Each structure stands twice: as structure tokens, then as C-alpha cells.
Amino acid sequence: MHLKIPDGRGFKSLRARLLFIQGMNVIMNNSGNFSLLDHQLIPHHMVLSEKEAAQVLKEFSSLQPIEKEQLPKIKSTDPVIMEIGAKVGDIIKIIRKSQTAGEGEFYRLVIE
Amino acid sequence: MTYNVPKRIKEIRFGLISPNEFRKMSVTRVITADTYDDDGFPIEMGLMDPRMGVIDPGLRCKTCAGRAGECPGHFGHVELIAPVIHVGFAKLIRKMLRATCRECSALLLDSTQKKQYLSQIRTLKKMEQPIEDITNDAFKEARKPKVCMYCGAPQLEIKVEKPSTYIEKGNEHDHKLMPSDIRVRFEKMTDDDIEVMGINPKNTRPEWMILTVLPVPPVTMRPSITLESGQRSEDDLTHKLVDIIRINQRFQENREAGAPQLIIEDLWELLQYHVTTFMDNAVSGVPPARHRSGRPLKTLSQRLKGKEGRFRGSLSGKRVNFSARTVISPDPNLSVGEVGVPLAIAKELTIPVNVTSRNIDHVREFIRRGSEKHPGANYLERADNRKIKITDKNCDELADTLEVGWKVERQLKNGDVVLFNRQPSLHRMSIMAHEVKVMPNKTFRLNPAVCPPYNADFDGDEMNMHVLQTEEARAEAKMLIHVQENILSPRFGGPIIGGIHDHISGMYLLTNGKNRLRKEQIIGLLRSSDIQEIPEPAGEEDGIPYWTNKQVFSYILPEGLDITYTAGICTSCTECKKENCERDAYVVIKNGQLIHGTIDEKGIGAFKGLVLDRIVKDYGQTLAIKFIDSMTRLAIRSIMHYGFSFGIDDEDIPIEANNQILELLKVAEKKVMDIIIAYNEGNLEPLPGRTIDETLELKIMQELGKARDTTGNIAGKYLGIENAAVVMATSGARGSMLNLTQMAGCVGQQAVRGERIRRGYSGRTLSNFKWDDLGAAAHGFVKSSYKSGLSPTEYFFHSIGGREGLVDTAVRTSQSGYLQRRLVNALQDLEVQYDGTVRDTRNMIVQFKYGEDGVNPMKSEHMKPEAVRKIIESVTGREIE
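Keeping their order, the protein sequence lines are chains A and B. Per the numbering used here: the first sequence = residues 1 to 112. Per the numbering used here: the second sequence = residues 1001 to 1881.
What the hints contain is simulated information worked out from the structure, not anything from laboratory work. Owing to the predicted nature of the structure, the values given are computational and were not obtained by experimental measurement. No residue lacks a Cβ here, since even glycine has one placed at the ideal position from N, Cα and C. Check each hint, because a few of them may be wrong.
Said to hold, decoys possible - Here are the simulated DMTMM-like pairs of lysine to aspartate or glutamate, each with C-alpha atoms no more than 25 Å apart in a straight line: (1) A/Lys73 to B/Glu1128; (2) A/Lys58 to B/Asp1853; (3) A/Lys68 to B/Glu1866; (4) A/Lys97 to B/Asp1835; (5) A/Lys73 to B/Asp1835; (6) B/Lys1859 to A/Glu105; (7) A/Lys58 to B/Glu1128; (8) A/Lys75 to B/Glu1703; (9) A/Lys58 to B/Asp1835; (10) B/Lys1870 to A/Glu103; (11) A/Lys68 to B/Glu1462; (12) A/Lys68 to B/Asp1034; (13) B/Lys1859 to A/Glu52; (14) A/Lys93 to B/Glu1866; (15) B/Lys1437 to A/Asp78; (16) A/Lys75 to B/Glu1128; (17) A/Lys73 to B/Asp1829; (18) A/Lys97 to B/Asp1853; (19) A/Lys97 to B/Glu1852; (20) A/Lys93 to B/Asp1840; (21) A/Lys68 to B/Glu1861; (22) A/Lys93 to B/Glu1228; (23) A/Lys73 to B/Glu1852; (24) A/Lys73 to B/Glu1831; (25) A/Lys73 to B/Asp1853; (26) A/Lys58 to B/Glu1462; (27) B/Lys1864 to A/Glu52; (28) A/Lys93 to B/Asp1835; (29) A/Lys97 to B/Glu1861; (30) B/Lys1126 to A/Glu112; (31) B/Lys1626 to A/Glu112; (32) B/Lys1864 to A/Glu105; (33) B/Lys1307 to B/Glu1462; (34) B/Lys1849 to A/Glu50; (35) A/Lys97 to B/Glu1462; (36) B/Lys1176 to B/Glu1207; (37) A/Lys58 to B/Glu1831.
Said to hold, decoys possible - Listed next, the stretches of chain B that the computed footprint assigns to chain A, with coverage defined by at least 3 CB atoms under 8 Å from CB atoms of chain A: (38) 1844–1850; (39) 1854–1867.
Isolated chain A (complex conformation) (with noise of 0.2 Å):
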């Protein structure tokens, strides 16, 4: 997915608009491609598959029966769905490092 790239003109100094522009390098990682899923603040998002996602119920649903609905939910204009291309209706899996933890497994439903 192709985003406008910002080149900082609504700055008033010139040394913000380099400092920006700086930025927007390192998020680039110099090459012009930009994903939101290489920064390293947004977590591994994947959408699961429809085996996948009744597992996900079926471990979640041990003391009574759950839905899909009874997950939270994440907005399909979220930046990371719209790049991952997860329709609504689909369940995400979140890897996220935790200092506790390790990693932590967290699940999405994707709504309207």
C-alpha cells in the first residue's frame, strides 16, 4: 500500500523541516518504501486462517462456549489491517514482547 509521503513543509524553521525529514529516512530505512510494519514499535500482526481462528475459539472456550464477538475488536480502518489486508470478520493474532513475559499472544476480531 502506497501512503503519501509527508516532506515536512508545514514546518516554519528549516531546521524542523530537516529534523523531520531525518525522521522520515529512518523510518524509510533510506529506501522510499515505507511500511508501518517494519517500524519497530508496531508489533507482528497476521490474519489467521479459518482453521486457525476456530483453534483460537476452541482454546478460549474451555469453561463455556465463546464466539468470535466475545474477542476485542480492531477497527479494518486500522492502519496495520488496512496493510495487512485483513477483511472484517477475520481474527488477528498479536505477537508482542513483554519484559514479563517474553512474548504475548494477543487476538483481534476486525470490525467495521
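Knowing the structure of chain A, use the given hints to seat chain B on it.
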């Protein structure tokens, strides 16, 4: 009428109640202000009409045939001779009068505007959003036109005299709008116009805001009390209703007799006053109606409003039985899991015991002691549910007739589990289960080591105690909320119960350095700590065996405890000498023996205690409780053994130290002057991101701060580490070196919002300073120490700084209290499920793993992920990174 027909509520509609509705729900019209006749019977169509419900036992309600207690009461009504305004709607009436035409009552907006507002309101309503903004806008717009766009009538300005008088400003003279005039105007309004003004025309007509009928509340709502003298005393509401009906009658008589307009208006106003105060006796601009004794009457609004009102006082606030409240005081000889209960309270509070074949003899003893000799019994419930009070006279007889299946309410005795609580209950440790220890005198006694979780001190604090009434409750309390289960705080994964104040000073005095103690001395120290046998002496001197101070502390440590850390007294030297530390700050405990180091706040203190932390986590809570008990007792014994006192002369410093401090402050003032001169000459280099003025202030503050700290160091040097205040500050028992600096050295800069004091007269803080004086003294630098005393100007500046601190704490507590309330309300229904997820009541997943990592913070190591490292270290015996 039957009350037990189950009904389902389909919807609730809010609106105004119409006069017809009032009449329909009324069981009688009230026409006379009298209550009872000469024989003491309620008068028909009077204020106490028996159709409005009964309060006297034995009588039956003439409407529902219910007895007193069964009959809920029924409304009556009074037909008001002239309409009056309902004060609660005075503001809305004002707004509506100003927004509508005085001739045709049309809302003064053109039809397109009306349509627009209407559609906006309807969509907002559909979305269940508030419509206030739209209606307020409509009111504002409709007030503007000077001429009605529908009938062409010129509009007049409407003035309001609080609370409910409306005056039309005419060209020549003003005209008072009577409630009847207003009612006529409101009657003419169309449903569409009403809706634009934010009123639902289906439920409400605006003219209903002006009362023509007044409902009379049921007798059950305003019961009269019969005094001992046989005289009846009526409720405040009844008094108010009497007033209303009397005026109403007088009004009618005068009008029928054709009294002059002036008298009619006076009576009308009086009726308005009585109806107003009947609903709200605290309206501004209206003198409150008073009782004969001069006490303001408690009318409808006063019954609901405020702290003691129906909502906060009766519905949200509950009083409970089996509870006690009194002042707390310390008793270090109690275990932390105990609470000292005054005998008088123990005799009053009871625990129900079911009599069985196994405990009948035991229970019989309680009854035989009666209710006066302490562990006795107060009540007895027979198998037929009859309750009998046990007295000195009948106790023997009752004890003999006691049968299996009865219930006995026995008095509180030692070992019973009770809940102990101190408000504000901010975290779960604010309520803990303790074991009762019945004691003489009138205060609750608790071990000072449990003060931190309750945030209690003994300057007059009171605490509550609740006696558990069922076996299940007692079991639950013992297993979940007993003090023992709450040594570790789930807030930070460390002990919240532990040594405070003298415990820490005492331990410091005992364990610092190496001392030799004789046999009598160690027995004296250890006698209160459950001693079985004296340990092997450390050595012999002149044929007399001696023990070391470290041995004494080791005696209360569990066997096999290994821990090494730097104590709180460590000054973080550049190169740590470890075991050879001259301050004895490197603590080494091997196999339950203190080998090196001083035990201070970091060892045994609440919140920080590392030794305590290790014992709870490695040896269990039961042993930890024992450790805390013997530790506190040993500490108290030690502080008494070594002696510890603090007086005013402990702040004395020698003259040379004083001279040094004076010299230093003089130099600092000189430096400040130099900075000011540089500033005035424009030679001051601004700091990055600061203006020159800010730089000046910053540099002066820095210089003066440095000066104060240096005076502290000088004072500290001369006071020496033996000084009691220094011992308390370094060991972490109480106070800080800063407190000492201020007492012995120099109080320092007084600040308001982090800046030097600038407020006061124009250009100067006080009139004895020169204008634009930027010097230290003119802006709140206090050179004196608390010991030497402050000069008048210093005292004044100090008060300014002190006041700010006071205001800050007051604001902070109220704000954080409200924040906590909102958080608790938002999160109270979330629950950790057995599969580790956190879910709400709809079974929606909030967290996939509790805390997103599944860690129980109570069992974590001070919130750091170090558990694994600790385990590996303890198994391999090696230190790892």
C-alpha cells in the same frame, strides 16, 4: 388490593404528572387543616384521613384494608384556589416565557428553523444522546426577536425576581405575571413547539409546571409521634401541609367575599411561599420556613438531598449489626495477626452457635456464665424460633433446659476471627481478618507492624471491627483475608507488613558493628521472643562467656536462610569494600546466621524489607508471622537495652559549626548578588531553552539549594552518627537528613509552585524590601534553622510555602478519591477465570492472560521478572547475569 401479582416492567417514561392524574390517584380531597378530633380519631377529609393509610397499630386502612406496616399509604390531594409555580421548574418557566410570544404563545423561531431543530433533536434521541445543547441553542435563538413573526405582537422583556416572580417590563410601567397568566400562555403552546424546547409532548404539557392541584403525601410518609406526655407531635411535612391548607382556605374566603386586589395578591404570594417551602426549604431568596422552636423544617427536598439524605444516607449507606468502632492504640506484645478487643465490646458482640450433641456441654458453660461474666452468652433461640435474652437470673435455668437444635449467641472470646478495617478502604489490605484477644480498657489494640497496610497511626484514628456470623464466612476469612495471607502486597510483590519506626532503630542499634553481650544481656533481649535455649557463646573473655550482637539477631532467623545485599545505610562508595565496609553496610546472612552487616529498613522494614521478603517467599507465611512477631519484640527490647531518646539539645551544634554555616551562607548570598549583577549588566548567558529571566531564577535557586545542602553536611558532621536523629534518618526509621538539615542548619528556599516567592506588593514581596530586589532574602530564602528560630519575614515566607503544601494535599486526596471511585466502578465486574483469562459479565474477553503475562504480582519479586534467575541461582549456587 393485592401486592403479590408478579408484573413485568415494560418501559419507564419520565414526564410531568398532570392535575388530572393527581386527582385520579388521590383517595380523598383534603379540605380541612385539622388532624385529629377531641377523641383522638383522625378527621375525615383532614390531613390524617384514614384513607391515606394508617400508622396506628390495630387500625386498618380504609382504602386497602391493610394494617400498619402492610399498607403502603395512599395519596390525597388539595385543590389549590389559585395556581402556583413549582419552584423546581422556575428556571425552565423563565426560559419558555422568554422564547414564546406573549400573545399567541408561538415559539419565536421561523418554521424552517423549527424543522431543523426538530430533526436534530429526533436523531439525537434515536442515538440516545443528550439533547441539551440543541434545546439551549433554540432557546437562545428564540429570545432574540422583538416582534412575533406569526401574530405581529411586540415582545416585552421578562425580568425575574428570584425564585418565582416574573415581571414583564412595559413601556410605561412593569406588569407582574401571575401564575394564572403564565398558565394561560403555556396552554396555548403547540406540541411541535414544545418538542423543540426539549419536552416530550406525549408525556408532558408545559402548563403542568404550574400547580393547580397539590398531592398530599400518604400518612405513612409523615407519621406523627405520640410523646410520653400523650401529646401528639406532627411531622414537618404535616406542619407544612397545614400551612398550605389554611392559606388556601383564607384565600378562598377572601376571594368569595370580594376582597381588594392587594389582599388577594398578598395571600397568593403567601400560598406560593408555602408551596415552595413544602417542596424545598432551602431555595435561595426565600426565608426558610421554621418550626416553632426556630429550627428550619425538613421538607421534601431536604429528605433526599445531601449526606444524610435518602440516597447517600439511607440507600447507599448502610448500618450493620455485629460491628464495633473505637480508637486504636499500639501493643507490641500482640501478634500481628491479633487484635485487642475491649472487654465491653466482647460482651456485646456475639457469634451464633448451633447446639449439637457434641458441643452441648461446652455451650452450656457459656449460658451458665450468663451475660455478665465474660465468655458468656447473650441470647438463646429455641427450636420454635423463640428468642430468649439470657440474664443473671435465668441463666442457670436456661443452661439446664438447653436442648440440641437450639441456637446460642455466645459472646466474643479469644481466638475468634473478626474483620478489622480502617477507612478509607483503598486497597484489599484495608480489611483483614484478625484473631480476637479480649483485653481491659476501651481501645482496639494492634501490633504497630500492621499499621502500614491500614495506613493507621495512633493520633486518634478509629477502626471498625466486624464479627463473622457463619462458619463459611469464618473459613473464607481465615484462608483468604487473614493478616498472614496479606504480608505480601499485590501492589508491588513485597512485604507490606513489617518493621516501622522503633523496630528499625532498634534493629539498627542491635546489629550495627560488633558488640559483645553478656548472658544476662542476651537473655534480657531474647526473653520475649519465644526462647527455648541459649545458643553457644561466641567466645570467652576473662573466663566469662560472651555472645555477639549479630548472634542475637541470628537467633530469630530461620535455619538455612542465605541472603546477601547492601543495606540501606550504604553510601554507594565508588569502590565497594564488601565484607570490610567500615559502615557495616554489606549484609551477609549464611545458613540463618548474620555474619556481616547491619539490619535496617532495607532488611526488615515494611515495603522494603528484603530479609522479610525472603522469609515469606521461601519459608511460608506462618513462619513469616512468627518472624515479624519475634523481630518486633527483639527490636523493642534492643532499643530499650541501648537507650534511645531525642531532645532539643540533640540539634545543638558547636559554635565553630555555626560560624561555618554563617560564613557559607554569606558566601552564597554574595554569589547570588554576583549573578544578579551579571544579569543587570546583561552578561548572563541564558541556558538552552530558557529566557534570561528564567536562567537567573534557576541559577539563584541552584546556588541557594547548594548552600542549604552544604549547611546540612556541616551540621551532620558535627552531630555525629551516634545522634538519635541521625540514627533514625540513616536507618530509615523516620525522618530524613533533609529534616535534620532544616532543624540544625538552614531551612532553605521557600517555594510556591516550584518558584521563589514573588507574590505580594507590586515589585516586592513585603514593604520592608526595596523595589525590584532580586536578592535571596527578599524572595523567601530562610537562612535560620528551626532550632535558632525564624525572623518575622522568614516566618511569613515559610507560612506561604507551608500553606501551599496543605492545599496540595487537600486537592490531591479529593481528586485521587474520585479517580479511584470511577476506576472501581468501571472495573468491578471483571474477573479472572480459571483458564487465566479476564472476562466481564457478558463473558467478553478483556485480557487473554491476567495482566497480559499471567503473573501474580503478589508472588512476583518486586514486580521485576527475576523469579527464574533466583531459582537458577539457588539451585546452581552461582550468580548469573
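Consistency of the hints with the structure:
1. A/Lys73 to B/Glu1128: holds (23 Å)
2. A/Lys58 to B/Asp1853: This hinted pair holds, its Cα atoms lying about 20 Å apart.
3. A/Lys68 to B/Glu1866: Given that 25 Å is the threshold and the Cα spacing comes to 36 Å, the pair is violated.
4. A/Lys97 to B/Asp1835: holds (22 Å)
5. A/Lys73 to B/Asp1835: Holds - the C-alpha atoms of B/Asp1835 and A/Lys73 are around 21 Å apart, at most 25 Å.
6. B/Lys1859 to A/Glu105: Cα-Cα ~22 Å, so holds.
7. A/Lys58 to B/Glu1128: violated (36 Å)
8. A/Lys75 to B/Glu1703: Roughly 55 Å separates the two Cα atoms, so the pair is violated.
9. A/Lys58 to B/Asp1835: holds (12 Å)
10. B/Lys1870 to A/Glu103: holds (21 Å)
11. A/Lys68 to B/Glu1462: violated (51 Å)
12. A/Lys68 to B/Asp1034: Given that 25 Å is the threshold and the Cα spacing comes to 69 Å, the pair is violated.
13. B/Lys1859 to A/Glu52: Given pair B/Lys1859, A/Glu52 is violated - Cα atoms ~34 Å apart, limit 25 Å.
14. A/Lys93 to B/Glu1866: Violated. A/Lys93 to B/Glu1866 sits at ~28 Å, over the 25 Å cutoff.
15. B/Lys1437 to A/Asp78: Judged against 25 Å, a Cα distance of about 62 Å means the pair is violated.
16. A/Lys75 to B/Glu1128: holds (23 Å)
17. A/Lys73 to B/Asp1829: Within the cut-off at roughly 20 Å; holds.
18. A/Lys97 to B/Asp1853: holds (10 Å)
19. A/Lys97 to B/Glu1852: holds (11 Å)
20. A/Lys93 to B/Asp1840: The given pair, whose Cα atoms are some 21 Å apart, holds under the 25 Å limit.
21. A/Lys68 to B/Glu1861: Given pair A/Lys68, B/Glu1861 is violated - Cα atoms ~36 Å apart, limit 25 Å.
22. A/Lys93 to B/Glu1228: violated (77 Å)
23. A/Lys73 to B/Glu1852: holds (16 Å)
24. A/Lys73 to B/Glu1831: holds (19 Å)
25. A/Lys73 to B/Asp1853: The given pair, whose Cα atoms are some 20 Å apart, holds under the 25 Å limit.
26. A/Lys58 to B/Glu1462: The given pair, whose Cα atoms are some 52 Å apart, is violated under the 25 Å limit.
27. B/Lys1864 to A/Glu52: Violated, at about 34 Å.
28. A/Lys93 to B/Asp1835: Measuring from Cα to Cα gives roughly 19 Å; hence the hint holds.
29. A/Lys97 to B/Glu1861: Answer holds: A/Lys97 to B/Glu1861 is near 20 Å, not above 25 Å.
30. B/Lys1126 to A/Glu112: holds (21 Å)
31. B/Lys1626 to A/Glu112: violated (59 Å)
32. B/Lys1864 to A/Glu105: Holds - the C-alpha atoms of A/Glu105 and B/Lys1864 are around 21 Å apart, at most 25 Å.
33. B/Lys1307 to B/Glu1462: Holds, because 20 Å separates the two Cα atoms, which is no more than 25 Å.
34. B/Lys1849 to A/Glu50: Roughly 23 Å separates the two Cα atoms, so the pair holds.
35. A/Lys97 to B/Glu1462: violated (47 Å)
36. B/Lys1176 to B/Glu1207: Status holds; Cα separation ~18 Å.
37. A/Lys58 to B/Glu1831: With a Cα-Cα distance of about 20 Å, the restraint between A/Lys58 and B/Glu1831 holds, given a limit of 25 Å.
38. 1844–1850: It holds, with 5 qualifying residues against the three required.
39. 1854–1867: Result for this restraint: holds, n = 4.
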